[in-house]
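J.: Respectively, the protein sequence lines represent chains A and B. Just so we're aligned, residue 1042 is where the first sequence starts under the working numbering, counting upward by one. Just so we're aligned, residue -14 is where the second sequence starts under the working numbering, counting upward by one.
Calculated from the structure, these hints are not laboratory results. Remember, predicted model here, so these are calculated numbers, not experimental data. All C-beta atoms, glycine included, are put in the ideal place defined by N, C-alpha and C. What you were told as hints is all true, and nothing was included just to trick you.
Simulated coverage check for chain A against chain B, where a stretch passes if three residues somewhere in it have a Cβ under 8 Å from a Cβ of chain B:
(1) 1062 to 1070
(2) 1076 to 1084
(3) 1110 to 1122
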Amino acid sequence: MHELPVMNRILAVAEKHARMNRIQRILKIDLEVGRLSDLEEKWMRRYFDQISKGSIAEGAFLSVEWKPVVLACSACGTTFEPELSADSPSACPECLNTGGTLVSGRGYVIKSMEGI
Amino acid sequence: MTEVRLIEVKENILDDNDKVAADLRARLTASKTFLLNLMAGPGAGKTSTVIATATRLKDRIRIGVLEADIDSTVDAEKVLEAGIPAIQMKTGGFCHLDATMVEDGLRTLGGNYDLVILENVGNLVCPAEFDTGAHLNMMVISVPEGDDKPLKYPLMFSVCDIILVNKTDMQALTDFSLERFTSSVRRVNAKAAIFPVSCRTGEGLDVWAEALAEKVLEFQQKKS
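Looking at chain A on its own, in the form it has when it is part of the complex:
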């Protein structure tokens, strides 16, 4: 839904690191995106291609790695990956309790990039 502001930030961060490393042209950006994000990969690419026109990242390939949602069990603290869309809540594999607190699964990290 907010692909545009997110892609703008990704481009800005990539350009900053390119300057710091004296990169003239960005060829590839490796992203890690949390599964809780509602962003669509297709639209991320379209927006990125649009906003990067004329920049040093024009034509760069976006590689998106989706990171799983991880919960910490509210009873015993064990971390596990819940099935969010299932009919019944996923239970903790250790104690079978069904509630938890989010540990990871949100955010957008630029892991690395390739350039010349």
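Mind docking chain B on chain A? Use the hints.
T.: The following block gives chain B in isolation, referenced to the frame of chain A:
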């Protein structure tokens, strides 16, 4: 031939906003102003909740309101009519507020307040991703929206400390089950407090307003 270089970046793009938000929260804590971020989908009753809450507390607590909308001023006008200081922030097409926009809004609102309620843009997706600098995140969900919303918008439900279930007076017209709703919330959020209310009949609002007043008081008595 130029060699392709691999550069380690490891930067979360939400970090900048998270930093502005943390600074803002620290400054508000020092000046003993409690910032409450209120989120909901369109039509759940955000503005009604703001008015119902503020009118119950305004004689004891100095309350200011920041209304955020993509492009209108109707919400701030309603709050002002109820005798509560408010300003309208237009996000100009943005689907959410970030900490910098909230900082600007607080500057425009001015004055000294014990509690500032921030009515975020009506949307269950984007506002959940951006820390506004608030001390407490809450959302309003209404009975007609259905009890399956935590399954559809898990991020929103995972970031909230308080959830108001509004329009309980419409319960008989829907299949909404508070029990089913609560168990869906607990999948992603073990601790959020859930308050059933009706802004139309007033049901549950005194209990909610008291709970908020206690939180504000507790916050102000904490040594910073």
